[in-house]
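Student: Line order of the protein sequences matches chains A and B.
Per this note's numbering, the first sequence starts with residue 536, numbered consecutively.
Per this note's numbering, the second sequence starts with residue -5, numbered consecutively.
Don't read these hints as lab results, they were simulated from the structure.
All values derive from a computational prediction rather than experimental measurement.
Keep in mind that a hint or two might mislead.
In silico EDC-like cross-links for lysine to aspartate or glutamate, where the CA-CA straight-line distance does not exceed 20 Å [claimed, not checked]:
#: 1; chain 1: B; residue 1: -4; chain 2: A; residue 2: 706
#: 2; chain 1: A; residue 1: 840; chain 2: A; residue 2: 883
#: 3; chain 1: B; residue 1: -4; chain 2: A; residue 2: 969
#: 4; chain 1: A; residue 1: 570; chain 2: A; residue 2: 636
#: 5; chain 1: B; residue 1: -4; chain 2: A; residue 2: 829
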Amino acid sequence: MTEAAATPIRRFRAAELDLLSVLEVVIARSPKVLKNGLPNLAFFRAANASLAQPDDEPGGIGFAQVEFWLALARDLSLVAEVEGRLDVTPEADEFFTLTSDERLVLLRKAWIESRDLNEFALTPELELPALRKGRTVDVTSDFPTAERLVEARRELVQIVEAIQNETTLPEFVDWLERNARNLFITHDNDGSWRQVFYRGIRERGGREDVERDGSWEIVEGAVVRLMVALPLSSLGWIDYDPRSYAIAPLSDGPAEEHSFEVVVQPNFEAVALGDRPDPSALWRLARFTTPRPEGRVRTYILERKPFSDALGRGDAAAELVSFLAGLSRAPLPQNVRFSLDDWAALSERIKIWPDALLIEAEGVEDLARTLPEKLLSKLAPTKLTGGHYALPAPETSVLREVAPPRRTVLDYSRRLPPVIAPTDTTALSAPREELHFRARQLLGLVSRSLSTDRYELDPELVADSAAALGPEELLRRVREGMAKPLSAPLSLALRTWSGEFPRPYAGGAEVFLADNFEQAELLDELPEFKRWVERQLAPGVFLLRPNGAGELRRLLEKLGIKPRSDARGR
Amino acid sequence: MKLHLHVGVVETADEITLNEALAVAQCTERVLVRLAPNLAVLECDDAERVVSALEANGLHPKVMR
């Protein structure tokens, strides 16, 4: 006989701590999500170890409880994959602000309607060779579809809600076999040549599919046993005692008050003690600490990173400290209080919005007056130095609702239009209303402001920026940022200033011209000639060293050749 | 008023702290604009780099996501 005072909510509260433990392991580990969509094995082992009654992994039971709670958490969006890692969501924070009764209703609904949860796959006695790791079936199988499982759960809940007297699990399975044989799989045509076996369903370790005849208790019975032990018992539909296999209906009654306390130790460990902890309070504690759930003992390590992360989510440091102090009977150790205050002060020194909506105040504009009230109240932006505002980037639909009318939103996740117009001179035109930060960055790299909309390219700035970024990168940015192609003079200037083109020479020079190609080749073979040549500019055109013209004239005269003095003639 | 969506924003207690934070992340040259001496706007990827670099150095900024 099970406890007479068992009520649905009491049964649920005990089980709910397992959900809390699984989520705390998600917080503590941020496990990597594998290709099959499940977290890694290390997570499953840690989460299993954190349960009140862990499953026996080496005994082949696997991690049915962890998979069950994780599937419900996913269905309720309490966890989500973020950049390849599993993380808890703001929805989880909202979930734990609800009462236990409200959480119970949500979890019950999530289980009944879950399309990802597959009790056949969780049942340790069964093996489904057709089932891939990603929990999808790709060959013919008698395995029920997600819709059929949803229907079966609804039917099973109706059956257990109608239980009036205490019974045992084997009796219950036997009753279902006789009265709800088609609960999961249709058996109306059993015996026909198509329905001799449970196709794609084997006993664990079996080499062939299970024969239908006489195996209902082995296949569907195993699934029912799992459903009784996990969802039906955990979510407070029945009272189930796994030692005696007794199933009893639960009677409505008041929930017991939570009874627990948190001992904060000078080594920054907060230990939750008590048989009936409040999941809401523990969740809040877990969100600014590193939780270490281990069965009945729950430890929360106070560390700087999770504390700073909580501040980033909008919690006030003073509130967190006061909340922690409220959970503890004794005053917080002085070193802990000092460190929390210190961490808060240090975190406040550098504030970062990695993906933000920035509302820029232009000129002397006072945004506090001009911003729509609904934007301020709904998005609660933070005021920055200079009167600008920032907030984590909201959904586009939300922004559209509250944004001031006739204001363009510059979306930096896309390519922004080029707004800088080059001219035929080194002046640039960029209308202030259209100027975005990327264009402003470019203007800052290459020009100085002349007036509101006019800029002048600056050779020194271009040279400095080219040295920092490389001339090619700078010119790529310039070309991308211009509303039309650069004019020839502007292109020449920029490419020269950036160092891509060497500076051209303009001035006097001593030049030797040999109009005939062979004549030039023969001259080039003379060592006395080459001694005075600085560089060959083109075939037959030689730039000479200083005084080279006189020396070469003398050399040629020795050969009886009189060079001409006018470069234009022949 | 201009609305800039999906940018990274870094605000620090003072200019020196901002310079140091950007230098640690090697993002000084990648700043889109400095709206104030202690306020820089970057591309989102660069702001994430600043967060990662600071955390890797034992500094834990207040990160608003």
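Student: Look at each hint and say if it fits the structure.
Tutor: Hint check:
1. -4(B) / 706(A): Between residue -4(B) and residue 706(A) the Cα gap is close to 71 Å, so the pair fails against 20 Å, i.e. violated.
2. 840(A) / 883(A): Answer holds: residue 840(A) to residue 883(A) is near 13 Å, not above 20 Å.
3. -4(B) / 969(A): Holds, because 9 Å separates the two Cα atoms, which is no more than 20 Å.
4. 570(A) / 636(A): Violated, because 36 Å separates the two Cα atoms, which is more than 20 Å.
5. -4(B) / 829(A): 51 Å, violated
When each numbered hint is compared with the structure, violations occur for hints 1, 4 and 5.
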